[in-house]
Each structure stands twice: as C-alpha cells, then as structure tokens.
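Visitor: The primary structure of each chain is shown beneath.
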Amino acid sequence: MKKVIPLLIYILFLLVPIYWLLNMSFKSNSEILGGLTLFPQDFTLANYKVIFTDPSWYTGYINSAYYVSLNTIISLTVALPAAYAFSRYRFLGDKHLFFWLLTNRMAPPAVFLLPFFQLYSSIGLFDTHIAVALAHCLFNVPLAVWILEGFMSGVPKEIDETAYIDGYSFPKFFVKIFIPLIGSGIGVTAFFCFMFSWVELLLARTLTSVNAKPIAAVMTRTVSASGIDWGVLAAAGVLTILPGMLVIWFVRNHVAKGFALGRV
Amino acid sequence: MAEIRLQNLAHSYTSTPSGPEDYAIRQMDHIWEQGGAYALLGPSGCGKSTLLNIISGLLSPSQGHVLFDGKAVNNLTPEKRNIAQVFQFPVVYDTMTVFDNLAFPLRNQGMAEAKIHTKVQEIAEVLDLQSLLSKKASNLTADEKQKVSMGRGLVRDDVSAILFDEPLTVIDPHLKWKLRRKLKQIHEQFNITMVYVTHDQLEASTFADKIAVMYGGQIVQFGTPRELFERPSHTFVGYFIGSPGMNLIKVEPQPGGVGFASIHLPLSEAMQKRIAESEWHTLKVGIRPEFIHVWDEPFDDALRAQVVHVEDLGTYKILTLNLDGAPLKVRLAEDKPVPEGTAYISFPAQWLMVYADEFLLEAQVLGEQTSEQGAQP
Amino acid sequence: MNKVQNNKAWWLVLPVFLLVAFSAVIPMMTVVNYSVQDIFDQSSRYFVGADWYRQVLLDPRLHDSLLRQFIYSACVLVIEIPLGIAIALTMPTKGRWSSVVLIILAIPLLIPWNVVGTIWQIFGRADIGLLGASLKAMGINYNYAANTMDAWVTVLVMDVWHWTSLVALLCFSGLRAIPDVYYQAARIDRASAWAVFRHIQLPKLKSVLLIAVMLRFMDSFMIYTEPFVLTGGGPGNATTFLSQTLTQMAIGQFDLGPAAAFSLVYFLIILLVSWLFYTAMTHSDANR
Numbered sequence: 035m036k037k038v039i040p041l042l043i044y045i046l047f048l049l050v051p052i053y054w055l056l057n058m059s060f061k062s063n064s065e066i067l068g069g070l071t072l073f074p075q076d077f078t079l080a081n082y083k084v085i086f087t088d089p090s091w092y093t094g095y096i097n098s099a100y101y102v103s104l105n106t107i108i109s110l111t112v113a114l115p116a117a118y119a120f121s122r123y124r125f126l127g128d129k130h131l132f133f134w135l136l137t138n139r140m141a142p143p144a145v146f147l148l149p150f151f152q153l154y155s156s157i158g159l160f161d162t163h164i165a166v167a168l169a170h171c172l173f174n175v176p177l178a179v180w181i182l183e184g185f186m187s188g189v190p191k192e193i194d195e196t197a198y199i200d201g202y203s204f205p206k207f208f209v210k211i212f213i214p215l216i217g218s219g220i221g222v223t224a225f226f227c228f229m230f231s232w233v234e235l236l237l238a239r240t241l242t243s244v245n246a247k248p249i250a251a252v253m254t255r256t257v258s259a260s261g262i263d264w265g266v267l268a269a270a271g272v273l274t275i276l277p278g279m280l281v282i283w284f285v286r287n288h289v290a291k292g293f294a295l296g297r298v
Numbered sequence: 029m030a031e032i033r034l035q036n037l038a039h040s041y042t043s044t045p046s047g048p049e050d051y052a053i054r055q056m057d058h059i060w061e062q063g064g065a066y067a068l069l070g071p072s073g074c075g076k077s078t079l080l081n082i083i084s085g086l087l088s089p090s091q092g093h094v095l096f097d098g099k100a101v102n103n104l105t106p107e108k109r110n111i112a113q114v115f116q117f118p119v120v121y122d123t124m125t126v127f128d129n130l131a132f133p134l135r136n137q138g139m140a141e142a143k144i145h146t147k148v149q150e151i152a153e154v155l156d157l158q159s160l161l162s163k164k165a166s167n168l169t170a171d172e173k174q175k176v177s178m179g180r181g182l183v184r185d186d187v188s189a190i191l192f193d194e195p196l197t198v199i200d201p202h203l204k205w206k207l208r209r210k211l212k213q214i215h216e217q218f219n220i221t222m223v224y225v226t227h228d229q230l231e232a233s234t235f236a237d238k239i240a241v242m243y244g245g246q247i248v249q250f251g252t253p254r255e256l257f258e259r260p261s262h263t264f265v266g267y268f269i270g271s272p273g274m275n276l277i278k279v280e281p282q283p284g285g286v287g288f289a290s291i292h293l294p295l296s297e298a299m300q301k302r303i304a305e306s307e308w309h310t311l312k313v314g315i316r317p318e319f320i321h322v323w324d325e326p327f328d329d330a331l332r333a334q335v336v337h338v339e340d341l342g343t344y345k346i347l348t349l350n351l352d353g354a355p356l357k358v359r360l361a362e363d364k365p366v367p368e369g370t371a372y373i374s375f376p377a378q379w380l381m382v383y384a385d386e387f388l389l390e391a392q393v394l395g396e397q398t399s400e401q402g403a404q405p
Numbered sequence: 018m019n020k021v022q023n024n025k026a027w028w029l030v031l032p033v034f035l036l037v038a039f040s041a042v043i044p045m046m047t048v049v050n051y052s053v054q055d056i057f058d059q060s061s062r063y064f065v066g067a068d069w070y071r072q073v074l075l076d077p078r079l080h081d082s083l084l085r086q087f088i089y090s091a092c093v094l095v096i097e098i099p100l101g102i103a104i105a106l107t108m109p110t111k112g113r114w115s116s117v118v119l120i121i122l123a124i125p126l127l128i129p130w131n132v133v134g135t136i137w138q139i140f141g142r143a144d145i146g147l148l149g150a151s152l153k154a155m156g157i158n159y160n161y162a163a164n165t166m167d168a169w170v171t172v173l174v175m176d177v178w179h180w181t182s183l184v185a186l187l188c189f190s191g192l193r194a195i196p197d198v199y200y201q202a203a204r205i206d207r208a209s210a211w212a213v214f215r216h217i218q219l220p221k222l223k224s225v226l227l228i229a230v231m232l233r234f235m236d237s238f239m240i241y242t243e244p245f246v247l248t249g250g251g252p253g254n255a256t257t258f259l260s261q262t263l264t265q266m267a268i269g270q271f272d273l274g275p276a277a278a279f280s281l282v283y284f285l286i287i288l289l290v291s292w293l294f295y296t297a298m299t300h301s302d303a304n305r
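Chains as they are written, first to last, in my numbering: chain G, 35 to 298; chain F, 29 to 405; chain H, 18 to 305.
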C-alpha cells in the first residue's frame, strides 16, 4: 500500500493547478483580484455566460473543433491504405519513405511558419479551417501511419488471403473485414490525431486571422484596456479541457490496451 | 525433501462462490510423499495449474491447508517455502549469461561466490549446459532456456520440492524425450519430491511413480500407471488413459446382473448386492479395448456384435463394433484373426468395471473401508 | 510477417506521399530558397550562397539560445524519464482505479498548450495564484517574471507537469506487456524488488523508453507556446528558447534569409541528436 502515496502525491500535483483554474472560472474578477479564496465565495456562472453568448469566444471553439475533426478524418483516410501497404508489402523505397515520414515529426513547427503562411496564402487558403487541418497533417499523418502499421501487423495475412479466396474485392475486404479488426488501433490513432491537433497553437494561429480563428488564438489575444479578464480567461481554459476529457473517456479501453502503439 | 499434504483444500477464484462451478479446486485431501516423482495429469482447465500455484505459494487457497512435513505453510510466501517451480513458458533473465541465471537464486540468498561457482558448475554438468555458461540467456533455443529454468530450481540446496507446470510444452518433440530422461535422472540423483503437471498421459507414465489424475477440480485417482490402467476408479480415468480409452456403456440393473437393449451382462452376486445397496443416478459398465475377448470361432455363449470398421495400425488392429447400438472398440493383436460381419465377444469378469455416477463400484468390502472410491480419505 | 514484393503498393501510399510532400517539400524548398538569397522585394533578390549560414552560425544571440535550449532539454529528460518510470511502477493495473488513474494522467496531455501556459501563469502569481500566494505566505521570495532562476524553475515544473504523463503512460503499457510468469519466477527465485526492476522490468522497457526519450527530446527541443505564454521568454532572454528566437527572427524582424538558414540548421540539429540517441540505445542492445 505504500506504493500508493507517491502516486497520490503526483495525482494531486496534476489536479491542483487545474482545480485552481476551475475555481477561478466561477469567480468574478473583483473576487479574484480581491484576495485568495479556495472556494468561490460568490459563485457565479457569468464568465461561462460570456463565452456562450459572445460570438468572438464561442466561434473560437467551433473553429478549433472543426479543423481538428477535419484533420482527424483526413489523416485517418490517407493513413489507412498507406499503413496497409507498409504492413503487407515490400516496394521500391519503402524503408526510405517510412523514415522520411517519421522525420517530418521531428521538424520544428517554427520552421514552417513563414513558408506555410506564404504557401497557403498563395493558393488562397489562408484563414480557412482546411488550411490548419492540412498543416497539421504534416505531423499527424506520419504518426497515424506508424501507429496503424503497428496494429495492422498484428493481423495475420491469412485473413486477407481467406477473404480474397472467398471472393471479396480489395475495397470490400478492407472496409468490411479489415477495419473492424483494427478497431482499437483506429481509436488510438484518432485519439493521437485529436490530441496533437487540438493542442497546437503556433501553426493554427499563423494560418488564421478572423474566419477560422481557433480558441487558442482567441485566448491569447484577450487583453483589453482594463487589463486581463481573468474570470473569462479561466472559464475559456476550462472549456478547452473538457473535449479532451470526453475523448479520453470514450477511448479509455482502447488506450489502455493500445497505448503500446501495437509495437511494444 | 518434504512431504506435502493438502488438507480440506478448496479454491475459488471468485470472492463469493455460489456453487461447485465456481470452484477451481473442489474439496481435496491428498498426500504427496517425500522423495516421490509424481505426475498431476488432467485435461486443460481441470485445476492443475491452480493446484500447483497453491502448493508453491503463488496462490493462496480460499479454503483449507497446505502442510510441508506437518507444518502449515498457508501463510508462508513462495520465497519462504523452499519450493522451486518451472513454468510452461521458459523464464530466463535475458540480460544475464547462463551462469548468472543459474547463480541468481543463490546470490539472492547471499551465498559465497566460491560456493556459488561450484554449485552452478555441478548443475550445469547435470543438465549439459557447460558449453553455454558464458552465453547470453536471450540467445538460447527454447529447450536450452527451459533447462536453464530447471537449473535455477535445482541449484538451490534448500529446495524440498520441485513443481513442473507442463514444462515441455514449448519443446520440440524430438527433444522432449531427452529432457524427460534428464528429469528422471535428476530425480534419481537428488531424491527430491517432484510434481509434474501434464495433460499428456505418456509423459506422465514415463516420468512418474504415481499419477494423480485430476478432473473437474478433484483428484479422482492416485495410483501407479498400472493401477490407473487396470482399475480406473473414475470413468474419466478410464477414458483419458489408454489409447483408445475405455469403452463405457450405460446400463440398467437386471436380475442376475445389468443390461442394456437386448444385451444381458451377468455379474457376481457380491456386485449385484453392491448395486442394490448403493444410491446412484446413472450406472455404467466399462471395459478396456485390450481386455475384450474376441473368439476365433462362433461361440454360443458369446455376445454377437456387428463389425463396423477395422483399422490396421501395424502391430495391432482396432476394431469398431456395434453391440446392439452400443459402439465398442476392441484392440486385437496382429496375429489374431479378424472377424468379418459378426464378431463373437465376451467380457471377462475381472476386467468388467461397474461405475455408479462415474465412480467405480467394488464388490469386495476391504476391511472397514467403504469400497466406493470417491474423494480420497 | 512475410511481406510480398509489389510495387503497385505505391498506389496505396500515394495519398500520404502527396499530402506530406505538399506540406513538407514545398515549404522546405521555400526555406532553402530563402536561406541562400538576400531578398529585398519581389524584384530584387541576390544569390548569396552560404553567407546567411555563416552569419547565423556565428550569431551570439543564437549561441545563447541554443545553449539554453540544450540545458532545458537535458533537464527535461533527466527529470521526466526517471519520474515517468517511477510513476508507471506505482500505477494500478487492474480494477476500476486503473482506468481512473489513466484518465487523470492523460488530462495534462490534452490541454491546449497555451492553456497550459495560462494555468501556470495564473498559478504562479502572488496575487491570484495558489502557488505564488502560498510561497509568499511562507516568506519565499518568488517571482517568475522578474527572477531568472524562478522563471527557469517554473518553466521546468510546468513541463514536468505537462509531459511526464506521456512517459508514464508509455512505460505503463510496456510494463503491462510483461507476462506474469516472469514475476512468478522471480518470487520463487527470491529476487528483491530492485533485482526485479533491474533484470526483468527495465530490459523489457527498452523499446518503450527509446520512444519516450526521442519524443521528449524532440518536443522539448521544439518548444514554443508554453514558455511563451508563461514568461514571454523573459525575464529578458532568460527563457527564450530556439523556437521563439527563430520566430522572432522570421516573423518579428522579417529577416528571412538568416531565419531560413537558421531553420535548416535547427532541423538538422534535431535530426542529428535523434539519430545519436537512436543508435546509442539500439546499439547497446545489440552489443551486449
């Protein structure tokens, strides 16, 4: 039982700052600046009300959610066939291609700021959701391919062969037989794609200005003449944590099994 | 060197068992005598591994006691029980050499290095591992790894019993017999109590002096391979031992014996009395294929059966017969003539077993013991 | 798996290839382009060869930033890897609590990076933050905005808070993959907890640790948002790491040439160190 204490301390370490944010989100600015209280003395939902009623706030969430979903769908769609190819076949340049994909994960986003800005502007995609979704693909697709390939390699080739003998065409086999078998792999991949895309700020902010402004950008730009609106900022922060918690609740079983990326 | 006694033992994996199905081990009393080589034989899922883990202390029984030399060891951890266990899956410490692997338990005990050295050399010699001593454990073949696992059990001099949990499962068939012989050798040399779990009856009979057959969480018979063959005390033992297994036919009592369909099988008076006195739901007779007597020529008092199929297996043949609806298998020596169409057979009285509710009914009353063999006293 | 040789597999890989090439190759070409040219405007561009590279590699501001970055990444690895392993060893493997602990551990990983910065920015302030106020009440002079040491400690603690869970979760899954038999055999062999860790758990964690070390190195080396939101890079330059320096150069000052040259050097450093880690860790495996 002594093992539990360090773990509890660590969990406390993780939860206290989040609690503090939650705490602040239910206070008015005057209470926040007036003094330190562990619980809100004047519990208020005003901050949340601001976010839900002020379009400049809630569109931030909608924008973020939109491009994150786009990114996850695109990444999965292109990564699935590619991962299958890496898993089942050898082909010219396969190892090099795989390695090149992984190196993209190692590129600092800062390096791409200006080039992306110019690239997406030049094709008229600046300040669109698809621009951010595509930009994030640079990092998410290699990861998706890597994770999915690991899971797919766990499915024996005999299943493919049996399906062909039974008369399935490749697309039908892939959709009806193969994909259900790697269900938890897809869950894990979607989780990671979501995770990276939802949290990334630099590229998302650089490629957007008004129409596709993500919530992260909205939050970093809330300094008004009267100073920072701490209460609203805290509420906004809390609301960005919720989607993550929901996602992980849904994939919790898959993540427990599949966090190994199928490779460990 | 220890006598292992199991008293009133039962185990359930669920914390609130509601019925016998929840028990992996049902009510059991058993003694493994010191220095013996025993096999624990049974099909998958009958509770063998559970029993082994209870003996070694890896599992705590939900009920009952485990005693070593009369001392209760229920509360002793595996470390304190002086037991070695070899698992199905070869466990070696990959980062260490074979030498270090064998030395590992001794180092944990704090033994002097010089003594460790001699001990390891000794065991390596017994197991033919000398040439591999400086090799990395991760680079060994499966049977070499398994030998190292066994070696770790043997190297300790305080070991009173070694438990083997189907250790030859991952070994190549042509290497299995070699290792089996090795184990027998070790047993003769070291005189340690050894319990060997397996689902292979051949392995069990070659290794063990006495075999405990386990079925449904209970030891249904404990005896020498010959006893198991000639007098199976449970229909499962009859079926499991022997190739092919014992023929079993469901019967009803009739005047003079038992019978089914149009067949009447006479039994001794004593046996008829036993049947009448005992309470049972199902009655069966069993006879081994080897013991059914096939007459060379038609014989009036013999039973008539239809010959369905003949299998020639070289040194013997297996006949499949139909005795008025009951399928029978008979084993014929190669020089005996094979009946065609109709076979004349009889069941010698000494080999015809009667089973009430799967357990053997014995006609003689031996002293004061009840002759109905069920759970061990 | 026995893979079949078939070049038609390229059709399956094509979408990925095109997408990533579009996102990677074109921008990279732009960067390379800028790194060897001096650009005043659309019409006047001059090829300057390796000039920018020379300038960048000799720039003391960059040296400082690089040094800070290396120190930062080193601290991160030294703290987070052992801590992650230790946490993984204490996590429950069965039962309801197992899922709960997993979820709690995963929460910091799912928070947008700017919010992470905001959380700690608030938390550390003496007026509105629990940490800041508590330290002040204990008489400790703590100000992450003005004091370099405080800023560094805060940024590191924030990173530990943010990312250790990743190491812990990876190690946890690695530990789960170890078959029970190993632990059973170790009990029979009377191995101490330390011996179990050293001879069973640690070796089996090798491949997972490799992933963890590489990910943490790469991500800490590229870090931008969290320190930027927390300290803005200050006080002064104290917590300005490479990404921020680069961003200042590229977007702030619009020094495209040097920024581009720097970008490539930056990328190459990461590739090189990652490769070194990879070889070191997989080599030690083969050599033993």
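It should be emphasised that the hints constitute simulated quantities derived from the structure, not laboratory data. Treat each hint with caution, since some may be false.
Unchecked claim - EDC-like, lysine to aspartate or glutamate: derived pairs with alpha carbons at most 20 Å apart: (1) F:364 <-> F:386; (2) F:278 <-> F:255; (3) G:37 <-> G:65; (4) F:99 <-> F:61; (5) H:20 <-> G:263; (6) F:210 <-> F:122; (7) G:247 <-> G:65; (8) H:20 <-> G:192; (9) F:164 <-> F:97; (10) F:301 <-> F:324; (11) H:20 <-> G:88; (12) H:25 <-> G:195; (13) H:25 <-> G:194; (14) H:25 <-> G:88; (15) F:204 <-> F:172; (16) H:221 <-> F:340; (17) F:204 <-> F:228; (18) H:223 <-> F:340; (19) H:221 <-> F:150; (20) H:20 <-> G:195.
Visitor: So, for every hint listed, does it hold in this structure?
Guide: Hints and how they fare:
no., hint, verdict
1, F:364 <-> F:386, "violated, 33 Å"
2, F:278 <-> F:255, "violated, 23 Å"
3, G:37 <-> G:65, "violated, 40 Å"
4, F:99 <-> F:61, "holds, 14 Å"
5, H:20 <-> G:263, "violated, 59 Å"
6, F:210 <-> F:122, "violated, 24 Å"
7, G:247 <-> G:65, "violated, 30 Å"
8, H:20 <-> G:192, "holds, 12 Å"
9, F:164 <-> F:97, "violated, 39 Å"
10, F:301 <-> F:324, "violated, 34 Å"
11, H:20 <-> G:88, "violated, 56 Å"
12, H:25 <-> G:195, "holds, 17 Å"
13, H:25 <-> G:194, "holds, 17 Å"
14, H:25 <-> G:88, "violated, 53 Å"
15, F:204 <-> F:172, "holds, 12 Å"
16, H:221 <-> F:340, "violated, 52 Å"
17, F:204 <-> F:228, "holds, 12 Å"
18, H:223 <-> F:340, "violated, 57 Å"
19, H:221 <-> F:150, "violated, 31 Å"
20, H:20 <-> G:195, "holds, 13 Å"
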